[in-house]
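Asks: Spelled out, the chains give:
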Amino acid sequence: MNRRYLRAVYEVARKDLVVESRSKQTINAAFVFSLLIIVVFSFVFGEQVGQREVLARGALWLAVVFGGAVGMSHAVAQEGRNEALDGLLLAPVDRSAIYLGKVVSSTLFIAGIALLSLAFVVVFLDYALELESLWPILGVILLAAVGFSAVGVLLSILMLHSQLQESLLPVLLVPLVVPIILAGTALTQPDLSDGMTAAWFRILLTYDALVLVAGWMTFEYVVEE
Amino acid sequence: MSLVSVDGVSKHFGTHVGVNDISFDLETGETAVVVGANGAGKSTLIRLLASLSRPTSGRLELDGTSLTDGNAAVRARLGVVTHATMLYDELTARENLRLHARLHGVDPKRCEQLLETVGLAERGGERVAGFSHGMSKRVSLARALVHDPDLLLFDEPYTGLDQTSLRRITSVLEGIDDRTVLVSTHDLARGFELADRLLFLNDGRLVGDLEARAVDDVEDVLEAYETRCRGRPGENQPADRTGIHR
Numbered sequence: 001m002n003r004r005y006l007r008a009v010y011e012v013a014r015k016d017l018v019v020e021s022r023s024k025q026t027i028n029a030a031f032v033f034s035l036l037i038i039v040v041f042s043f044v045f046g047e048q049v050g051q052r053e054v055l056a057r058g059a060l061w062l063a064v065v066f067g068g069a070v071g072m073s074h075a076v077a078q079e080g081r082n083e084a085l086d087g088l089l090l091a092p093v094d095r096s097a098i099y100l101g102k103v104v105s106s107t108l109f110i111a112g113i114a115l116l117s118l119a120f121v122v123v124f125l126d127y128a129l130e131l132e133s134l135w136p137i138l139g140v141i142l143l144a145a146v147g148f149s150a151v152g153v154l155l156s157i158l159m160l161h162s163q164l165q166e167s168l169l170p171v172l173l174v175p176l177v178v179p180i181i182l183a184g185t186a187l188t189q190p191d192l193s194d195g196m197t198a199a200w201f202r203i204l205l206t207y208d209a210l211v212l213v214a215g216w217m218t219f220e221y222v223v224e225e
Numbered sequence: 001m002s003l004v005s006v007d008g009v010s011k012h013f014g015t016h017v018g019v020n021d022i023s024f025d026l027e028t029g030e031t032a033v034v035v036g037a038n039g040a041g042k043s044t045l046i047r048l049l050a051s052l053s054r055p056t057s058g059r060l061e062l063d064g065t066s067l068t069d070g071n072a073a074v075r076a077r078l079g080v081v082t083h084a085t086m087l088y089d090e091l092t093a094r095e096n097l098r099l100h101a102r103l104h105g106v107d108p109k110r111c112e113q114l115l116e117t118v119g120l121a122e123r124g125g126e127r128v129a130g131f132s133h134g135m136s137k138r139v140s141l142a143r144a145l146v147h148d149p150d151l152l153l154f155d156e157p158y159t160g161l162d163q164t165s166l167r168r169i170t171s172v173l174e175g176i177d178d179r180t181v182l183v184s185t186h187d188l189a190r191g192f193e194l195a196d197r198l199l200f201l202n203d204g205r206l207v208g209d210l211e212a213r214a215v216d217d218v219e220d221v222l223e224a225y226e227t228r229c230r231g232r233p234g235e236n237q238p239a240d241r242t243g244i245h246r
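So the sequences go chain by chain: S and Y. Start counting the first sequence at 1; every next residue gets the next number (full-length UniProt numbering). Start counting the second sequence at 1; every next residue gets the next number (full-length UniProt numbering).
FYI, nobody ran anything at the bench for these hints, they're computed from the structure. A couple of the hints might just be wrong.
[As the list claims (entries may be wrong)] Now the stretches of chain S that chain Y is said to cover, found in silico as 3 or more residues with beta-carbon under 8 Å:
hint : stretch
1    : 5-14
2    : 73-82
3    : 87-94
4    : 217-225
[Claimed, not checked] With the Cβ distance kept under 10 Å, some of the chain Y side facing chain S (calculated, not the full set):
hint : residue
5    : 48
6    : 51
7    : 73
8    : 84
9    : 95
10   : 104
11   : 113
12   : 117
13   : 132
14   : 170
15   : 176
16   : 194
These numbers were taken from a predicted model, which means no experiment stands behind them. Cβ coordinates follow ideal geometry from the N, Cα and C atoms, glycine included.
The following block holds chain Y by itself, in its conformation from the complex (with noise of 0.2 Å):
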């Protein structure tokens, strides 16, 4: 049984539209990356897929359980990282990834584990106010993971980061291989190294979805995403009006 299932799912925002009529499963352990340009409907899938967002039509679950009922218990799978960081700048970021320990029924001495994952051990004490934006996205990723979850979800986890921050993401992001991961990205560098899947959204629309396996390098993913955008019916997108960066 697949872990995450999306069955025809919309979110429509009044007379916008989301993502519409999406279907898709995600096994246990496999990591799709969700290619897309700007306002294809990326971030909408990962807040629909965290909870954060109900659709308007359509099934989600994790597992056989329904992330769209309410249920509470389901959360406790699930770690999400989205542009913005979720944290308090007047906390530390230990006192932050305590806080959301605490909500999940952690122990916190795991928090100091993560700091160290993210390599920001000796920086734990000080206010989140006072870190860059990639020192507060690595704490974020510590957030994410501090309940363990089964279903990480990542909403362009590379944007604005400096070298230090990109290398640790990158290096916390691949060794994570026991967990189910869905990553949203325009850096299809990145995202190719990553993916044992390939979802293209286009219009809120999923256009495409293959295995990572059967395209050999950045240029044949580019390729078969401007493919796919162009053969929907009545589009006509010039290749290099996708958004995508290779």
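Next comes chain S alone, as it looks inside the complex (with noise of 0.2 Å):
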């Protein structure tokens, strides 16, 4: 990696960033999703689940899966207007860094969403969130929004063209990032042992390399005409 492949990183990141902070697209809809979700599952289930703990860390991943889904489908389809993609394609650089610079700014999409989530489970369902726990779970989040815009990215970019895009893009998504969902849960309990939580990052870290390379090395096939 080059100086220049790594400044295309920054650039197209960058530029993700400020349009968004002008559009407010993504955020919007994917805040407004995910406190529909805690909201609903806190009014249908809050008296009823007796370990409030569980439901809690249920409604979080599912408000950040699919709060994360809506937010990327509309982080990606500002590509796709005037086919602003094309431009980017048009640089001279390995195409992989438009790749990695789009996987930087989801994941920071997906990281606020998560942390808005769980704001909202704190408030909502009154997950019980510890102050020495707070930095592993930041970890958590972190480690699950690079795995979950790895495949997100490449997903929506693959469907940009698709009419179906918005409601195709959960229903393919999901299936892949179930080991996110699996981690993501098992790593926000309060008891969990230390080998557990060991194991559980292990697996989250090797999905997210896997996820990351997979999408690196494919990103050329997956814009080619």
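Could you use the hints to bring the two separately framed chains together as a complex?
Replies: The following block contains the structure:
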């Protein structure tokens, strides 16, 4: 990776953040969706489920996955307007740099959605977030966001010109991010043993590495006509 | 040696044939105008040369370097304007140009000069979302020129433009005489004004390739195009169905 490659990754990620800071389409769509999921969970199951903490973890990761899918769909749709993605593809840099740039910006969006969802489950579902578990949870959120974005960017670009993009993306994305949901749910348990914590972190890291390398290697073919 | 070499290029989309066994060369500094009706394969040809699409068969080369093997460096020598502007609506004209300048490793100061060239220096700080189609197209032209490419590819550059934008874009195109240019259009009059060479496409096939100086006026070009379209074995296309505007 030379300097120009890293520069392209930075420019694509920066451009996405500037566009999002002005349109707010991704964050607004994902924010409302995540909030609704958690509020509905709170109303429907709140009084009937004994272990509120189990309910909170389920709602958190459901909100992250579906809110993230909605956000991802909006984030990549801007590349389809005016065929702006073609402009990026004409840059004299390996096209995987565009993929990595979009993964970086999407990771920040997804991590933001996850943090908001975490705040919502603390407020609406009484999730007991202790100060000493905050950093590990932030680590889980970051790793989950990386894996989710690595798969999500590839799939959403693949479906960029499909009229069914918004409905099809969650259908294809959710089965592929099952390891993230399982690891995320396990790693947000307050009483998980050290051995299990390490094992789930290893699974999450391995998953992230696999999907990132797969996306990095195949992006050129995904965008090819 | 030719700057551009297209050798036996075909592009199939499933059962549909976009372009079929096309071959031609372009010399440095030459301006070729691709003439053809809608669906003739003009846009497909431009996308193939822009390395945005991979041919099903055949070779495309720029100065001896393949345009199809994913060589990133060769894209630094291409400038492309298609009917889509390739701009981000939420960014200003200046930000869009600077993004592409930085991706091409060009000093962003050049963007100011280009905004001046396309007549948008005073509106460079406005978001593209608020621009008319013609203004967006002018920004798109500046985007394509930002890295001073050797080969310029224009796909229907005159479509849907207001008079100001039309004048600006025509004047910029006429001013490019040291670069190789390929323009696709069904506006014969404007195409003919620019052309050193005329390439006729019909149903994905190159049916004619002639020097612009070999014809006197637009009517001659239209007649030559129709003759070549009719001349294909097994075809008898009426003149009023060529879809070409005088």
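Asks: Each hint needs a verdict: does it hold in this structure or not?
Replies: Against the structure, the hints come out as follows:
1. Counting residues of the stretch 5-14 of chain S whose CB falls under 8 Å from any CB of chain Y gives 3; the rule of at least 3 is met.
2. A count of 3 residues in the stretch 73-82 of chain S with a Cβ less than 8 Å from any Cβ of chain Y is obtained; the coverage claim is therefore met, three being the minimum.
3. A count of 8 residues in the stretch 87-94 of chain S with a Cβ less than 8 Å from any Cβ of chain Y is obtained; the coverage claim is therefore met, three being the minimum.
4. Three residues within the 8 Å Cβ limit are the bar, and the stretch 217-225 of chain S against chain Y gives 3, so the coverage statement holds.
5. Satisfaction of the interface hint for residue 48 (chain Y) is found here, the shortest Cβ-Cβ separation to chain S being roughly 9 Å, below the 10 Å cut-off.
6. Using the Cβ-Cβ criterion of 10 Å, the hint placing residue 51 (chain Y) at the interface with chain S is satisfied: the shortest such distance is roughly 8 Å.
7. Annotation: interface hint on residue 73 (chain Y) holds; nearest CB of chain S at approximately 6 Å, less than 10 Å.
8. Because the beta carbon of residue 84 (chain Y) sits about 4 Å from the nearest beta carbon in chain S, less than 10 Å, this interface hint is met.
9. For residue 95 (chain Y), the interface hint holds, the least distance from its beta-carbon to any beta-carbon of chain S being 7 Å, beneath 10 Å.
10. Interface hint at residue 104 (chain Y): satisfied, since its Cβ lies 6 Å from the closest Cβ of chain S, which is below the 10 Å cut-off.
11. Taken as an interface hint, residue 113 (chain Y) does not check out: its beta carbon lies about 20 Å from the nearest beta carbon of chain S, beyond 10 Å.
12. Among the interface hints, the one on residue 117 (chain Y) is violated; its C-beta lies about 19 Å from the nearest C-beta in chain S, farther than the 10 Å criterion.
13. The beta carbon of residue 132 (chain Y) is not positioned within 10 Å of any beta carbon in chain S (closest approach about 14 Å), and the interface hint is therefore violated.
14. The closest approach between the C-beta of residue 170 (chain Y) and any C-beta of chain S is roughly 22 Å, which is over the 10 Å cut-off, so the hint fails.
15. A least Cβ separation of about 18 Å between residue 176 (chain Y) and chain S goes past the 10 Å threshold, and the interface hint is therefore violated.
16. A distance limit of 10 Å between C-beta atoms decides the matter here; for residue 194 (chain Y) the minimum to chain S is near 22 Å, and the interface restraint is violated.
In this structure, the earlier hints numbered 11, 12, 13, 14, 15, 16 are contradicted, and the remaining ones agree with it.
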